[in-house]
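K.L.:
Listed below, chain by chain, are the residues.
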Amino acid sequence: MPHAFTLGPADLIARPSGALHWPALELLCVSDLHLGKSERLARRGGSLLPPYETQETLARLDDEITATGARRVVCLGDSFDDLAAAERLDEAARLWLIRLMAGREWLWVEGNHDPGPADLGGSHHGALHLPPLTFRHEGGGEGFEVSGHFHPKARLAGQSHPCFLTDGRRLILPAFGAYTGGLRLEAPALQGLMGAGARAILTGRRCLVIPMPRS
Amino acid sequence: MHALPAPLADWFAAQGWDLHPHQMAMLGRAGAASTLLIAPTGGGKTLAGFLPSLCEISQNPVPGLHTLYISPLKALTADIRRNLRRPVEGAGLPIRIEDRTGDTTYTQRRRQRADPPHILLTTPESLALLLSYEDAPRIFQGLQRVVVDEIHALAESKRGDQLMLSLARLCNLSPNLRRVGLSATVEDPPALARFLGPDTAILQADPGPDPDITMIETEAAPPWSGGGGRYAIPAILNEISRHQTTLIFHNTRAQAEIFFHHLWLANTDDLPIGIHHGSLSREQRERVEQAMTEGKLRAVVCTGSLDLGIDWGDVDLVIQVGAPKNIKRLVQRIGRANHRYNAPSKALLVPANRFEVVECLAALQAVKAHALDGEPRGPGRRDVLCQHILATASSGPFDADTLYAEVITAGPYSTLTRPDFDACLDFAATGGYALRAYDRWQRLLLRNGKWQLRDPRSAAVIRQNLGTIIDTETLKVRLRGRAIPLGEIEESFAASLTPGDTFLIGGEVVRYEKLSELTVEVSRSPGRDPKVAVFSGTKFATSTQLSARILDILQQPRWPELPRHTAEWLTLQREVSRLPAPDRLLLESFPHDGREHLCIYGFAGRNAQQTLGLLLTKRMEETGLAPLGFVATDHATLIWGLDPVTDPAPLFDLPRLREGLGSWLQGNAVMKRTFRNSAIIAGLIERSHQGRRKSGRQATFSSDILYDTLRKYDPGHLMLQITREEALRGLVDFARIEEMLARIGPRIDLVRLPGLSPLSAPLFLEPGKVPVEGKGRERLAEDAARALLRAAGLD
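If you're matching them up, the sequences are chains A and B in order. The first sequence runs 1 to 215 under the numbering used here. The second sequence runs 1 to 795 under the numbering used here.
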C-alpha cells in the first residue's frame, strides 16, 4: 500500500517499491538504479556476480511506470554503476530502456557514479528544478529537495527495509536498483541532513512509517 | 625402524620417560606412506607423530622443510612448539621449529617462505595460503612428512575438505611425502583412514581403562523442561570443592553464561571459577587459559571451545551439563579429565530436565558398551573445491586434466566425477551462469592449454578469501569508557535490544546503552534479571544411535536404574497414553487451553523435528486444519491449531513431504544463510566485502539479494545446487525424517486424549515456539510501527 505525504506544497506518494510518484506532474522518480553493477565488478577483476540485476531492475521500473501511468520519469543519479557500464549495457537491456523511454519525458540527473550523459536519449541534468521541488542526486541544498545517494535503510521488528526519509523539507529516496546495499539511519551523514521530526517511510509489501531514530 | 638418537634417548631417560608402545610403533612405521594413529587423550599422540621426524632430521640435518604439522587450533600450534622445544633443546638436537598462523608477523612469514624451518607448525588455512603463492613448489620440494593432529575434529567440517585438497597438492609437489593422522577415539576408523588418503594403515593405541562415569544425584529433581542445570548447582559446587580442577561443559554458549552467572551467585566459598567460550574476547579467553595452566582455577564453565587444545594435567573431573546428544563427543570430553595415560577419567553427567535423565542413562550405557556414534561424513563439498581451483590458479597456470587427477587423490573427493569437477572449474572461470555474460571478464582464462588468472592482481583478492570458516556478523561489546571488549554478540541479537535491556556476557549482567561505531556500549548492571544473549554456537541434535537407545529404554517394563521421579513419570505415561516404540510412530492428539494439539514423537533429532514441524504445519494449512504454531525438541514436535487431526496418515506421506520440502526450502532463511556461507567459500562473495560494513559507510548489499536473483533467473546454478545439498545435510536434516519414516513404515498410532499427557507436558514449557507464517509477521511490523509513532507523539 503506498503512502501519501507532502513535501512543502507538493503532494507526493511513496510507493512500496521505493519509487516516488508525483501525480500532479504525472512524474515517477527512482534513484540509484546502479545498472551494470555486476559487469563493473567483473571488469575490475572482482567477483562474477549473477549478471541479472539490470534485467531485474528494469522489470521493476517497467511495473512501476505501468502502475502509475507516469508521463515523466526522473532517474535521480547513479543510474549506472559507472559510465562504462552505461556504454556496455547489453542489447536487450538497451532496447528495454528505449521502449520505456518512448513517448515519455525522461530526465537523467547525474550522480557520483555517472557524472556525465549516457548515450541513451532523454535529457541530462546536474540538478533538476521542477517548482516547487528541486531534484538532485546528493541532498544538502536549499528549498524543497528530493535526493538519493545514501540508500537509507531502517530496521523494524528485526528486519531491515530500504526506506524514504523526510523531515518535511528534504526527501531522500531509497535505492531502486537490485544490487544495492543501504546505510543505517543512525549514520551521521543521514542524521546531519535531517531536521527535527524526521520520519522514515519503509518499503516492502506495504509502506510503514516510523519516526527516524536520533542519536 | 628408527632408533632414537642417543642424545634424545638420554634426555628421555633423564626425565624418567618411557615411550608408550604406540610411540615405539610409530617409529617402526616411519617409512610407511600413510598412517592413522588412534589414541585416547593424554596418550602422547603428538609426540608419537613427531618422533620419526626428530630422528630423521637429527641424523641428516639438511636445511629446508622436513615436516609439516597441521592443527585445527592456532593456540595449539604455539603450545606444541613450546612442548616440542623442550626435548629438542634438552637433547641439543639441531632442529629448527617454528609456527605459522594468521597471528604470525608479516616479516616472520616472509622469512619462512625464503628459508623454511625443519618443522613448520600451522593450520589448514595458513597451509592453503602458503600453497597459493607462486613459490610453493620451492618451499615444499623437500618435504618428507606431514602430521595432521586432531584429524577427527578436522574431518567433521569443510576445513577437512580443504586440508585434504592441500595435501593432494603437497603430494604432487613432493612425491615422497608420508602422511600421519592423529586422532582421538572415533566410531569408524577405516572411514577416517580413507579420508586421510589411499593406503592408510590404522594404528590403534591401547584405549586405556574405562572412564569412571556416573549420573549426578541431587536432592532436587530436575525441572520438566529447559536446559542449563541450575537445580544441580549446590551438588556441582560440592563436587568442585572435592576435586582439584573441574571442567563443566555446556552444549550452548548461552547456557554456559546463565549457568556461570548462577554458579557465581551460589559460590559462597569464593572458589576461583572461570568461564570460556567462543564468543568471549580473545583476551578474556587467554586469561582463563593462563590461569588454568598455572593451576589457579578450581573450575571452568565452558563449551566446545575447550573440546580440543592444551593438555591440562590437573583436570580430575569433567561435568557434562545437559544431555550429551552425541556419545563420541561425550567420550572425547571425558578424556579431558586426567590427561594421564592409563588412569581412568572421571566424569559426571547432569541431565538438565526430566527427559534428559533418560538420555543420560542411554549415554552411560553407550559409553560402557564402547558404542560410539557418528553420521557418515559424505563427499567433499564443492564450494571448497571452487575455492581450491581459484587458489591453485593463484599459484600459477594449471592443466585441468592434471588438477582433476590430483583432486581425486584427496580422500573426500575420491568419488568426484569429471562433470562435477568441470562445473566447479566453469564456475571459477566464468561464474557458471546460464546467461554467458562475462566473456570479456572471465576470472580464469584458458591460454596455451592452461588455466590462469585473467588479471594477476586478482590473486590478492583470492588469497584474502581463503579458508572455510565463516564468521557470523557480530558486534563487539564494550563497557562504556573502556577499551577492552568483553566479547561479541550476533548482530541480529544486538538489533533486538533497546536501551535499558540487560543480557549476560562473560558471566556479567550488562545493560545495553547504545550502539556506537558498530560497538555495543554497555554498563554493568548487577542483580538484574538478564535477557539472554543469543550466540551462534551450534545446536547439536541427539544422534541417531542415542535416540535409538532411548527408545529401547522406554520399552523396559520397569526402570530400576532411573531415579524414582523419572521412573514414575514414564509409568504414568504408559497408563495414560502409550510410550513411543522404535518401530512405530506415536501421535497424541488432545485439546488444551482452547487449542487442539498434536504431539509427534519422531525421535529424529532437533533439526529434523523442527523441519517436520514446518512441513506438517504447511500441509495442515493446505488441508484447512489452521495450525497456529509448533515447537520441536530432539524427540518430539508439538503442533497447536484450531482443529484436531483425525487422519494422520496423509500428513506423513513421504513423496508429499518431499514436495513440500522443495517449495518450502527455497524462500527459507536457513537457505539464505547457507547460501551466504557457501558463496563466500566458493569465491562468489568476497570476504573483504564483509569488513567494509565496519567502515560505517554504505554497506554492500546483502547476499540474500543474490540468492533471490539466482533463484529467479538461474535456478539451475551450481551455487543453488550446493546450497540445497548443504541445507539438507545440516540444519534441515531431511535425511533423519526419511530414516524415521523408513523405521516406522505404516505403523502410525494416533491416541486421542482428553488433555495433555505426561510426556507431552514438558513441551509446553519449551522455548523456541515457532509461529506459523501467514499474515502474522506483517501484523507484527504494523503493530511495532504504530507503537513507535505513538511513543513519539506522532500518532
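Hints in this document: simulated from the structure, not taken from any laboratory. Heads up, the beta-carbon is just placed ideally off N, CA and C, and yes, glycines get one too. Misleading hints may appear alongside valid ones.
Here chain A is said to cover these stretches of chain B; the calculated rule only asks that three of the stretch's residues, wherever they fall, bring their Cβ under 8 Å from a Cβ of chain A [as the list claims (entries may be wrong)]:
#1 316-326
#2 427-440
#3 449-458
K.L.:
Each hint should be assessed against the structure and marked as holding or not.
P.N.:
Results for each hint:
Look at the stretch 316-326 of chain B against chain A: 0 of its residues bring a Cβ nearer than 8 Å to a Cβ of that chain, fewer than three, so the hint is violated. With 7 residues having a Cβ less than 8 Å from any Cβ of chain A, the stretch 427-440 of chain B passes the three-residue criterion, so the hint holds. Requiring three or more residues with a Cβ within less than 8 Å of a Cβ of chain A, the coverage given for the stretch 449-458 of chain B holds, as 4 such residues are present.
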